[in-house]
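Asks: Heads up: the protein sequence lines correspond to chains A and B, in order.
Using the numbering used here, the final residue of the first sequence is 354, and nothing's skipped along the way.
Using the numbering used here, the final residue of the second sequence is 354, and nothing's skipped along the way.
Errors might be hidden in some of the hints.
All copies of an identical chain are treated as equivalent in the list; a pair is satisfied when it fits inside any one copy or across any two copies.
[What the hints assert, rightly or not] Computed cross-link-like contacts, EDC-like style, restricted to lysine to aspartate or glutamate with a CA-CA straight-line distance of at most 20 angstroms:
#1 K257 <-> E318
#2 K67 <-> D57
#3 K114 <-> E50
#4 K67 <-> E108
#5 K114 <-> E95
#6 K38 <-> E329
#7 K145 <-> E176
#8 K243 <-> E311
Because the hints were derived from the structure by calculation, they are not lab data.
2 protein chains.
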Amino acid sequence: MAQKEAQQRRPSIHDVASHAGVSAATVSKVLSGVTTVKPENAQRVLDAVELLGYRVDPLASDMRRAKRRIIGAIMPEFESEFFGQMVSELEGLAEQRGYTLVAASSRESEAREKEILARMHDWRVAGVVLAPVRNEHGPAAAFMKANGMTGVLIDRVLADDAFDTVSADSAAASAEVARALVGMGHRHVLVVGLGEQAATVRARLEGFRRTALELAPDIRIDVVLCESDVGPLRALLHDYFSKGTERPTAVYSLFLKGTLVALSEFRRRGWHCPNDISLVGFDDAEWMQVTWPAIAAVVQPVREIATNAMEVLFRRIEGEGGPPTARLEPCKVLMRESVGSPGSVPHSGGGDRQ
Amino acid sequence: MAQKEAQQRRPSIHDVASHAGVSAATVSKVLSGVTTVKPENAQRVLDAVELLGYRVDPLASDMRRAKRRIIGAIMPEFESEFFGQMVSELEGLAEQRGYTLVAASSRESEAREKEILARMHDWRVAGVVLAPVRNEHGPAAAFMKANGMTGVLIDRVLADDAFDTVSADSAAASAEVARALVGMGHRHVLVVGLGEQAATVRARLEGFRRTALELAPDIRIDVVLCESDVGPLRALLHDYFSKGTERPTAVYSLFLKGTLVALSEFRRRGWHCPNDISLVGFDDAEWMQVTWPAIAAVVQPVREIATNAMEVLFRRIEGEGGPPTARLEPCKVLMRESVGSPGSVPHSGGGDRQ
DNA sequence: CAATAGCGAAAAATCGATTTATCGGTTAAT
DNA sequence: ATTAACCGATAAATCGATTTTTCGCTATTG
């Protein structure tokens, strides 16, 4: 009967209080570590908590504070390794500090992004980690600003005048890619990008272009940008390669989907990496090291981004002032077999063993 | 000043009430669609809501009900396409019904799984979608049972005596793979599995074995199972292929990681699919269709699983009784280029164009 | 010896909603 | 004409904690 009771209704702080023969206020104080409680009473409370299996109801507990121990996370999607890892890291970090992470996917829609943000505002979240669909100038960031929310912007973002930002150092990574490709002798490279995410993609593009031109002023850099959606990219790339112009010796894709599409186009044409063409992509994935050839990629420092984002976010939550900061975390560039020197093997099939 | 006020403290239901000249109870009734309110007053409430930009605080609103409008989702990981899509679908479905989804990753740990569940119980979630690390007999499901939580088990699960289950029809899919491989002439197949997830993997294995033996009684089926962790799989597979025994003509991996490891082992040995060996994997991924060769895979019906899981979950939340159901959703098998007839080409390098 | 601190704990207010009980004021039924 | 039923709305209780206020009691001080 007591068993059944326990299953039906969870014990509240008052149940603990009456079992320990004290008031609810005292129980609350013991549990929150206030020291002005007589040791004897504290022990009785602890015993009662143990006996009843009492646990604080976070919802009720949060009720009375302005900032609730909830962190919101908004990602453009959940399907990729990058954002999957990101959410996983953020969740762990939030949990470490006794916060609950509520994650939502904006599904690459700015409208949805804002709606989700409004819902999180309804929850009175203490802070938000926002990975914007486009960039820091979207309606979501504006909403956060207008409502005095505290938050941090990550990934597709460079710097902001209202929020701290944390992202990968795209420009430096791209420069490294440029050094590698030029060093191997490439003098005609196609860069594939996504216009939508203006600032970040521009940083990647410019980082590449500047270093490449510096090292090899005669280099030819073609650019294929799809504006808003990745849908047309397949056709754009097809057209590009179908034109009579000279085929580039390497392709540098500025985002994962572009790497996929490029690979798919190579397949269609029967081109092999790296003999027929070299390929490097921004964003690494697990499969890239098991395919043949392994695909060279820029590895984004997910853990570092997550850690720093949470750190700066919690500092703001705790009331730290000062101008917004803009962190750039260094990437790692993994030059795998999909990259080689141009013309070393006269356009044929079949890759070589390691 | 009114501006500033609005930014600092969000309007509560009492603010709306006083603006509309009614009581808080009336506001609550209007907002929840109770019809016993004088139309004139209802309109004034609506106007006040509009004017103040009032939105219900979900936390306060949930306070007074036993089941809160929160759904918990526990996945073994967030990094794979499968679970990423799953969370995304679940989130959308929960949102549609006015619920908030709180997702957490158990990181493939049963201990963590139970802890997360306890935390969700603290939140008094209305229901839980649990994708167990191992199977339906773990400590997490036991915890849910012991605490009278309502929930649904998905993915690595076949059937349960306490909870509804929804998962992919592994056995049927494996049978189809068997038909395809046998039909192409394969008589020696290696199956790679993960022992930890007993029931599901057994279903996949038995589904394959039964059909294969039925169609070709002389078929040889080798099995490499790694018990608890995927770590040793690489070594296990290496050993298997290093033994002097005859090389199988096809490999069927029962889980994604196994497919990756198999591919990696092929790479190391310089074997090409499908000429040197064929490969089919359970679980599809976006990259599998752009690699060369494209990798054949069993596509799990993520959306269907998510939809049915949520449907049955909400029925239970609304109090529907009856014995637990066990749904199996059919998979699609995509036979791509990594599969071919054995011996059609005498073990050489280089794949052929489509 | 009266007044004042100081301590530990209980009582009460609070957070923001929902739900139940209560209450005037009509209208219908006896 | 008195009571009953009803309608719309308000006051009050409730959910489960935290925080502020109050209070009783002992110990210190002028």
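Asks: With reference to the structure, classify each hint as holding or not holding.
Replies: Evaluated hints:
In this assembly of identical chains, the alpha carbons of K257 and E318 never lie at most 20 angstroms apart, being 38 angstroms within a copy and 42 angstroms across copies at closest. Proximity of K67 and D57 under a CA criterion of 20 angstroms is satisfied in both settings, with 16 angstroms inside one chain copy and 13 angstroms between copies. In this assembly of identical chains, the alpha carbons of K114 and E50 lie at most 20 angstroms apart only when taken from different copies (18 angstroms versus 44 angstroms within one copy). In this assembly of identical chains, K67 and E108 lie within 20 angstroms of each other by CA distance neither inside one copy nor across copies; the values are 28 angstroms within and 32 angstroms between.
Within a single copy, K114 and E95 get their C-alpha atoms only as close as 25 angstroms, which misses the 20 angstroms cut-off; across copies the closest is 15 angstroms, which meets it. Within a single copy, K38 and E329 get their C-alpha atoms no closer than 50 angstroms, and across copies no closer than 60 angstroms, so neither meets the 20 angstroms cut-off. With identical chains, the CA atoms of K145 and E176 are never at most 20 angstroms apart, being 36 angstroms at best within one copy and 55 angstroms at best between copies. In this assembly of identical chains, the alpha carbons of K243 and E311 never lie at most 20 angstroms apart, being 50 angstroms within a copy and 51 angstroms across copies at closest.
Figure legend: structure checked against the earlier numbered hints; hints not met, in rising order: 1, 4, 6, 7 and 8.
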